[in-house]
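If you're matching them up, the sequences are chains B and A in order. Everything in the first sequence is counted per my numbering, starting at 95 for the first residue and increasing by one. Everything in the second sequence is counted per my numbering, starting at 3 for the first residue and increasing by one.
If you are wondering where the hints come from, they were derived from the structure by calculation, not from laboratory data. Where hints are given, some of them may not hold.
Pulled from the structure, derived: some chain A residues nowhere near chain B, Cβ distances all over 10 Å [as the list claims (entries may be wrong)]:
| no. | residue |
| --- | --- |
| 1 | 29 |
| 2 | 147 |
| 3 | 150 |
| 4 | 163 |
| 5 | 170 |
| 6 | 209 |
| 7 | 213 |
| 8 | 216 |
| 9 | 219 |
| 10 | 234 |
| 11 | 260 |
With the Cβ distance kept under 7 Å, some of the chain B side facing chain A (calculated, not the full set) [unchecked claim]:
| no. | residue |
| --- | --- |
| 12 | 148 |
| 13 | 371 |
| 14 | 373 |
| 15 | 374 |
| 16 | 378 |
| 17 | 505 |
| 18 | 506 |
| 19 | 509 |
| 20 | 513 |
| 21 | 516 |
| 22 | 517 |
| 23 | 521 |
Each residue gets a CB set at the ideal place from its N, CA and C atoms; glycine is no exception.
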Amino acid sequence: MKKKALGTLAAAAAAVLALSACGNGGSAESAKGEISYWLWDANQLPAYQQCADDFTKANPDITVKITQRGWDDYWSTLTNGFVGGTAPDVFTNHLGRYGELAENKQLLAIDEAVEKDGVDLSAYNEGLAELWVGQDGKRYGLPKDWDTIGLFYNKAMLAAAGITEEQMKELTWNPEDGGTYEKVIAHLTVDKNGKRGDEPGFDKNNVDVYGLGLNGGGDSSGQTEWSYLTNTTGWSHTDKNPWGTKYNYDDPKFQSSMEWFAGLADKGYMPKLETTVGASMADTFAAGKSAINAHGSWMIGQYTGYKGIEVGIAPTPVGPEGERASMFNGLADSIWAGTKKKDASIKWVEYLASAECQDVVASQAVVFPALKASSDKAAEAFAAKGVDVSAFTEHVKNKTTFLYPITDNTAKVKGIMEPAMDAVVSGKAPASSLTAANEQVNALFK
Amino acid sequence: MTTLTRNPGSREHGLTRTLRRRTGHSDVKIALFFIAPALIGFVFFYLVPTIRGIYLSFTEYNILGDPEWIGMENYQAIAKDPLFWNSLAVTGQYVLLNIALQTALALGLALLMHNVAKSTLIRGALLLPYLMSNVIAALLWFWMLDYQIGVVNQFIEWTGMSRIAFFGSEEWAIPTQALINTWRHMGYTALLIFAGLQAIPGHVYEVAKLDGASAWQTFRKITIPLLRPVLVLVLVVTVIGSFQVFDTVAVTTQGGPVNATRVIQYYIYQRAFTESDFGYGSAIAVILFLILALVAFIQMKFLKGNESDLD
Chain B
95 MKKKALGTLA AAAAAVLALS ACGNGGSAES AKGEISYWLW DANQLPAYQQ
145 CADDFTKANP DITVKITQRG WDDYWSTLTN GFVGGTAPDV FTNHLGRYGE
195 LAENKQLLAI DEAVEKDGVD LSAYNEGLAE LWVGQDGKRY GLPKDWDTIG
245 LFYNKAMLAA AGITEEQMKE LTWNPEDGGT YEKVIAHLTV DKNGKRGDEP
295 GFDKNNVDVY GLGLNGGGDS SGQTEWSYLT NTTGWSHTDK NPWGTKYNYD
345 DPKFQSSMEW FAGLADKGYM PKLETTVGAS MADTFAAGKS AINAHGSWMI
395 GQYTGYKGIE VGIAPTPVGP EGERASMFNG LADSIWAGTK KKDASIKWVE
445 YLASAECQDV VASQAVVFPA LKASSDKAAE AFAAKGVDVS AFTEHVKNKT
495 TFLYPITDNT AKVKGIMEPA MDAVVSGKAP ASSLTAANEQ VNALFK
Chain A
3 MTTLTRNPGS REHGLTRTLR RRTGHSDVKI ALFFIAPALI GFVFFYLVPT
53 IRGIYLSFTE YNILGDPEWI GMENYQAIAK DPLFWNSLAV TGQYVLLNIA
103 LQTALALGLA LLMHNVAKST LIRGALLLPY LMSNVIAALL WFWMLDYQIG
153 VVNQFIEWTG MSRIAFFGSE EWAIPTQALI NTWRHMGYTA LLIFAGLQAI
203 PGHVYEVAKL DGASAWQTFR KITIPLLRPV LVLVLVVTVI GSFQVFDTVA
253 VTTQGGPVNA TRVIQYYIYQ RAFTESDFGY GSAIAVILFL ILALVAFIQM
303 KFLKGNESDL D
């Protein structure tokens with residue numbers, strides 16, 4: 095099976111060379127016709143379909159065919175498309191992936207067009223536009239949205255435990271005793287006999303409601319799992335970001351944070367990793383199995399959409415250095431280097447990054463658009479739905495964000511760190527075992 | 003004398019040889035004509051990709067660039083790769099569980115089909131799981147066996163036992179997947195064995211009955227030996243299939259927890275398609291190819307799959 099697939103791909107590789115050679119055809123052809131556009135989030139599909147319709151109204155000779163693919167298939171299908179010559183003209187790109195794509199010359203640099211068309215890069219939330227400038231100094235995408243991390247909590251459970259929403263806003267955390275964050279988590283944990291996690295006689299092996307939900311081990315980034323804690327200690331994933339060449343999983347500060355995190359499961363305050371394979375963390379929250387879930391802003395719609403559960407959102411806790419921290423991840427739209435519709439694709443990318451489209455996205459209240467003005471409109475749209483999203487926007491306003499680690503070899507780093515982190519979070523290995531994994535990771539950069 | 007006898011003899015010999023060669027030649031042409039469709043398919047879709055795969059295994063190739071010849075480096079790295087050895091062990095565990103259970107259950111089912119359940123409806127029903135796509139079967143069980151909301155765990159809790167993390171715990175993950183695929187494939191395997199049972203002539207059983215053999219004796223001394231060629235074929239095919247386990251892992255545990263289900267095919271996929279290391283992935287695929295060839299050879303050789311005791 096595998097050999098067959100490899101062979102077919104290899105044969106197709108020859109074809110793509112021929113195809114990409116004649117990719118940048120005459121400008122008359124490349125400025126009209128149908129262009130294809132891919133994205134992975136089904137929740138955002140309606141907003142972008144609206145954008146595509148508006149775009150065609152303004153540019154009648156260009157139509158946009160949108161394809162949505164789930165995250166799991168997205169990247170392998172895209173890679174096959176690059177090789178087979180069937181990749182979309184424009185696609186939603188991720189910070190964790192674009193470095194490798196740019197290095198392999200699959201992305202079209204858009205510096206010229208951005209300059210010629212006068213795209214105002216300062217209109218985007220700070221730092222977002224610069225993320226898409228590669229190691230070679232060229233721009234490979236225009237920002238479309240951003241996300242940060244917050245704490246979703248079950249209001250009824252908090253009320254029953256006597257914890258106020260003000261307390262939730264003032265949470266502190268440190269890797270030694272977990273601060274007030276651990277106290278709250280412990281108090282919200284309830285066993286089958288109704289005993290709370292901080293009461294004598296608590297049975298940690300028969301827990302009914304966990305104080306904190308668990309999504310998984312978090313692999314290399316820990317985006318929603320632990321980075322909002324580990325990065326308040328002054329630790330960061332890499333020596334520099336973007337384009338770091340050394341990862342820091344061997345730092346004692348990081349390892350003590352992970353030790354604390356894994357300890358939550360051992361104390362019975364957080365589900366064991368083995369029980370989280372399958373049903374999603376958000377669904378188990380909705381089923382009343384956890385009181386607090388740390389999750390990304392792209393999940394707002396899902397959490398607030400569950401019937402019969404009142405959900406509040408608190409900012410992530412303040413760490414030992416006196417600041418909160420949240421990973422700041424941004425998506426962008428990129429153009430495939432092999433496109434035959436270069437000019438039309440550039441027009442579409444610029445439209446996606448413009449206020450016209452981003453305001454449409456904002457009005458749907460699903461994600462935060464990259465443009466500052468559109469972000470504010472999204473916050474208003476959320477407020478109109480009765481959702482206070484300040485826990486997410488505060489991170490950006492107060493500059494307590496750090497970037498998603500952008501490096502080469504991200505897929506391989508993930509391949510090494512996923513089992514290593516799973517072993518630590520499940521309590522099968524001590525956090526010090528991450529030192530060996532870190533050596534493996536850093537060997538990739540030699 | 004000698005020359006006389008030798009001459010006609012050798013001439014005759016030469017004549018038959020040329021005749022044979024001539025007929026052989028025209029046979030080849032016709033044969034080639036009929037084989038062509040299959041041959042073209044075989045060359046382009048099997049032979050060329052296999053050779054290309056073997057070539058790639060000696061290169062560093064991320065698919066978007068050009069393959070770069072690095073000799074034996076991939077193989078040397080694989081020999082020292084703990085995840086490769088882990089994948090062999092995990093796959094071995096899976097194959098053992100899957101094949102042992104599947105073959106035993108299928109044999110039982112086939113005997114029932116042969117001797118008891120003669121209705122086509124029931125025989126057809128046994129095939130139902132096999133008609134389901136692998137991915138659907140895996141997802142179905144993934145939900146039913148879920149730790150939090152799965153129906154199976156609900157039953158387990160009602161009986162007073164504690165819930166089992168079928169996919170989440172390192173101890174259970176491989177047995178669970180082996181059982182799911184046993185469930186899916188045993189009907190089909192049973193059908194193959196059933197066909198073998200039908201090929202055993204009835205008079206052998208009549209003779210056994212006349213000789214007063216018990217049911218167990220008949221089974222051991224007649225059914226099993228006469229079924230052996232079919233059983234060997236079934237074993238070769240199912241063992242190869244079992245080594246290729248991928249889809250169940252891909253839609254459920256994806257190699258985890260930790261490395262408990264990182265079976266060899268999934269590891270190849272991970273290295274090649276997720277981490278864009280197609281050279282390394284090809285090298286593991288070549289090793290898997292050699293392992294499977296060896297396993298099939300051993301099975302055929304020692305179980306004498308190409309001979310029948312009926313003759």
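Against the structure, the hints come out as follows:
The Cβ of residue 29 of chain A lies farther than 10 Å from every Cβ of chain B, with a closest approach of about 32 Å, so its non-interface assignment holds. With a least CB separation of 8 Å from chain B, residue 147 of chain A falls inside the 10 Å interface cut-off, contrary to its annotation. Listed as outside the interface, residue 150 of chain A is inconsistent with that label: its C-beta sits roughly 5 Å from the nearest C-beta of chain B, within the 10 Å cut-off. Against the 10 Å criterion, residue 163 of chain A stays outside the reach of chain B, whose nearest CB is about 13 Å from its own CB.
Chain B draws residue 170 of chain A into its interface by the beta-carbon criterion, the shortest separation being 3 Å against a cut-off of 10 Å. Interface exclusion of residue 209 of chain A from chain B stands, the closest Cβ pair being 46 Å apart, more than 10 Å. For residue 213 of chain A, the non-interface assignment is confirmed: its Cβ lies about 49 Å from the closest Cβ of chain B, beyond the 10 Å cut-off. Non-interface call for residue 216 of chain A relative to chain B: holds, since the shortest CB-CB distance, roughly 45 Å, exceeds 10 Å.
Distance check on residue 219 of chain A: its Cβ is at least 43 Å (rounded) from any Cβ of chain B, clearing the 10 Å threshold; non-interface status holds. Distance check on residue 234 of chain A: its Cβ is at least 23 Å (rounded) from any Cβ of chain B, clearing the 10 Å threshold; non-interface status holds. Consistency note on residue 260 of chain A: stated as away from chain B, yet its beta-carbon is not over 10 Å from all of that chain's, at 5 Å minimum. Interface hint status for residue 148 of chain B: violated, as the beta-carbon distance to the closest one in chain A is roughly 34 Å, over 7 Å.
Interface hint status for residue 371 of chain B: upheld, as the beta-carbon distance to the closest one in chain A is roughly 4 Å, under 7 Å. About 5 Å separates the beta-carbon of residue 373 of chain B from the nearest beta-carbon of chain A, less than 7 Å, and the hint is met. With a cut of 7 Å, the hint placing residue 374 of chain B at the interface with chain A is violated, because the nearest CB-to-CB distance is about 10 Å. Residue-level restraint check for residue 378 of chain B holds (minimum Cβ-Cβ distance to chain A is 5 Å; threshold 7 Å).
Hint status for residue 505 of chain B: holds, given a least beta-carbon distance of 5 Å to chain A, under 7 Å. For residue 506 of chain B, the interface hint holds, since its Cβ comes within 7 Å of a Cβ in chain A; the closest pair sits about 5 Å apart. At a threshold of 7 Å, the smallest CB-CB gap from residue 509 of chain B to chain A is about 5 Å, leaving the interface hint in force. Checking residue 513 of chain B against chain A: minimum C-beta separation of about 5 Å stays under 7 Å; hint holds.
At about 5 Å, the closest approach between the beta carbon of residue 516 of chain B and any beta carbon in chain A falls short of 7 Å, and the interface hint on this residue holds. The closest approach between the C-beta of residue 517 of chain B and any C-beta of chain A is roughly 5 Å, which is under the 7 Å cut-off, so the hint is satisfied. At a threshold of 7 Å, the smallest CB-CB gap from residue 521 of chain B to chain A is about 11 Å, leaving the interface hint violated.
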